[in-house]
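Enquirer: Okay, here's what each chain looks like letter by letter:
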Amino acid sequence: MSEKIDFTAFPDSRGHFGRYGGRFVSETLMAALDELTAMYNRLKADPDFGAELDYDLQHFVGRPTPLYLAQRWSDQLGGARIFLKREDLDHTGAHKINNTVGQALLARHMGKRRIIAETGAGQHGVATATVAARLGLECRIYMGAADIERQKINVYRMRLLGAEVTAVESGSRTLTDAMNEAMRDWVTHVDDTFYIIGSVAGPHPYPMIVRDFQSVIGREARRQCLEMTGRLPDSLVACVGGGSNAIGLFYPFLDDEGVAMYGVEAGGHGVATNEHAAPLSAGRPGVLHGNRTYLMEDENGLIQGTHSISAGLDYPGVGPEHAWLKDSGRVHYVAATDDEAMSAFRTLTRDEGIMPALETAHALAYAARLAPEMDRDQSLIINLSGRGDKDIHTVAELDGLSV
Amino acid sequence: MSRIATTFQRLSEQSRKALIPYVTAGDPRPETTVPVLHALVENGADIIELGVPFTDPMSDGPVIQQAHERALEQGVSLSDVLAMVRDFRRDNTETPVVLMGYLNPVEAMGYQGFADACAEAGVDGVLLVDLPPEEAEGVRDMMSAQALDLVFLIAPTTSAERMRLIASAGSGYVYYVSLKGVTGSASLDPQAVARQVETIGKTTELPICVGFGIKDAESARAIARVSDGVVVGSALVRLAGEYARTPEQVPEQMGATLAAMRSAMDESPATEPNP
Chain A
1 MSEKIDFTAF PDSRGHFGRY GGRFVSETLM AALDELTAMY NRLKADPDFG AELDYDLQHF
61 VGRPTPLYLA QRWSDQLGGA RIFLKREDLD HTGAHKINNT VGQALLARHM GKRRIIAETG
121 AGQHGVATAT VAARLGLECR IYMGAADIER QKINVYRMRL LGAEVTAVES GSRTLTDAMN
181 EAMRDWVTHV DDTFYIIGSV AGPHPYPMIV RDFQSVIGRE ARRQCLEMTG RLPDSLVACV
241 GGGSNAIGLF YPFLDDEGVA MYGVEAGGHG VATNEHAAPL SAGRPGVLHG NRTYLMEDEN
301 GLIQGTHSIS AGLDYPGVGP EHAWLKDSGR VHYVAATDDE AMSAFRTLTR DEGIMPALET
361 AHALAYAARL APEMDRDQSL IINLSGRGDK DIHTVAELDG LSV
Chain B
1 MSRIATTFQR LSEQSRKALI PYVTAGDPRP ETTVPVLHAL VENGADIIEL GVPFTDPMSD
61 GPVIQQAHER ALEQGVSLSD VLAMVRDFRR DNTETPVVLM GYLNPVEAMG YQGFADACAE
121 AGVDGVLLVD LPPEEAEGVR DMMSAQALDL VFLIAPTTSA ERMRLIASAG SGYVYYVSLK
181 GVTGSASLDP QAVARQVETI GKTTELPICV GFGIKDAESA RAIARVSDGV VVGSALVRLA
241 GEYARTPEQV PEQMGATLAA MRSAMDESPA TEPNP
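Chains A and B supply the protein sequences, listed in that same order.
Here the first sequence is numbered in my numbering, starting from 1 and rising by one per residue.
Here the second sequence is numbered in my numbering, starting from 1 and rising by one per residue.
It is worth saying that the hints were derived from the structure and are not from the lab.
Using N, Cα and C, we set each Cβ at its ideal position, and we do this for glycine too.
A portion of the hints provided could be inaccurate.
[Stated by the list, open to error] Some, not all, of what chain A presents toward chain B, calculated at C-beta under 7 Å:
| hint | residue |
| --- | --- |
| 1 | Leu106 |
| 2 | Met110 |
| 3 | Arg184 |
| 4 | Val287 |
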């Protein structure tokens, strides 16, 4: 980079991160997006709203989460000291709730009585159903029928929490179809409904709002790392589907030039095959779900099917800020395959006593390649974005078992 | 004068309203599309909106989603749709064709290449559902260089300020989305539509056509009374689904449905006061 970029200056007032982002939706939603932007900008500057959010993050979510030195795993790999930012210890078991708590407060301030959301692995769905239950709001979750099959535990959790889970049977029956269906619901019920988007995707202002709510991860990790090691980390690693946990960790470090960052996409059966979910590694820019970003698409601009062992990464797009961070060279985007992720899942479970989500396991897999190349006095932070209980059926199936 | 402007001028002189059918290109079969277009013209279409299939039709209800899926199963791409228009133009040089779809296939082709290909094929205008005027500058420049119209949507939620923005960005006509929802949604209220059309009319000289929720001859008649034209989509596309196994019947079936709307609209002179 020849010129120093002020990373905190993005997005611009129309939601652009360089050439990415923006607002590509049908006209019916434009007024709702304007209203949300205005409300968010007002509340962001309101100390009472900040205090309300901080209270919920501390007492309901359980923040701050620990920054944990994975000593045994670090020793095995023989390189950098590996720290895990324990978002798996958040209430409901993943980082998703940092955002749903925030957006639920927005919904309440806007007087909306009904909440909708899309979900892939079900973590965002559970986190949304949880805040809706707490606030007594009607809640409907859209989930691809294929994902409902592989994430049964989370589906049942959502139903116990009082949410209505709607199976989406169109297209590939995964996250992208759930997002289409949630958009269709929103356009139909726009007056009384708040759409809680779970990733840093969608039309402006969502990528900005979700990033801001998730940035608590990076702010805490930065402070904790300084306290524990006396200096900033050398590297950050996080998995990237839509990219909310990654941007949450990265964002507060973007201006720290010495901190290298790695976003790990789902390599599926390998990025050289067509069976993966790695648009930043193997896609090209286009427009989907309200923003311009890297997509997995064919030469005719049709969106391609994706494959990942983890439902939460099984998405053909990625947040627009990641697209821009890739082009600007600030963050390196890499991929880990299904097999590498499974291996990392088993290692962390057996050697550190922490069972990670399969999404998170992709970040662990790349870190296992990166750490040995680093010095022992260097440190690396991985966003341990979620816990793996939800994935035990998938893992058991690979082991030839039924639980 | 463009084919679209000429059409509205002729209609105005005849005190008639525009009937604008929407069909998805390649549905149910690629080879039925051109015969369908001719059948629609024979049965009263003034302008045709031709849908470009896309994998993620976020603004469409189930009927048109399935149409996109049927077309995509047969590999129909944007280039194929342009070839269908070219084919249609061999026998029809008068009826305007507006491509309707989503932005990404256009992005993939490139704005310049797309505009050139539209002009070459005989397309008259383009309506991209997920392209609001704020993001449309690049497309619009390329379109206007080829004298193609860029049609925008106005919704029940659109503010007066945005109406003016849309009116100044668009050309050809304005498409008023008559209800909050996806295509093929529930019925609409002609009186509410009449009030909105009047409001929109204060911001633009462009003809105002109304779509989403026009199901039959009766609703076409009611909406034609209070607007410059009606767009009918799902009611026709449904027939492509029903007759997918006998695609040769689709042109006739769609034609008959459209003809009923045409005669209902023409029975009711535009000068007749609102009921």
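Enquirer: Each of the hints needs a verdict: does it hold here or not?
Expert: Now the hints, each set against the structure:
1. Leu106: 19 Å, violated
2. Met110: 15 Å, violated
3. Arg184: 5 Å, holds
4. Val287: 5 Å, holds
Comparing the model with each numbered hint stated earlier shows that hints 1 and 2 do not hold.
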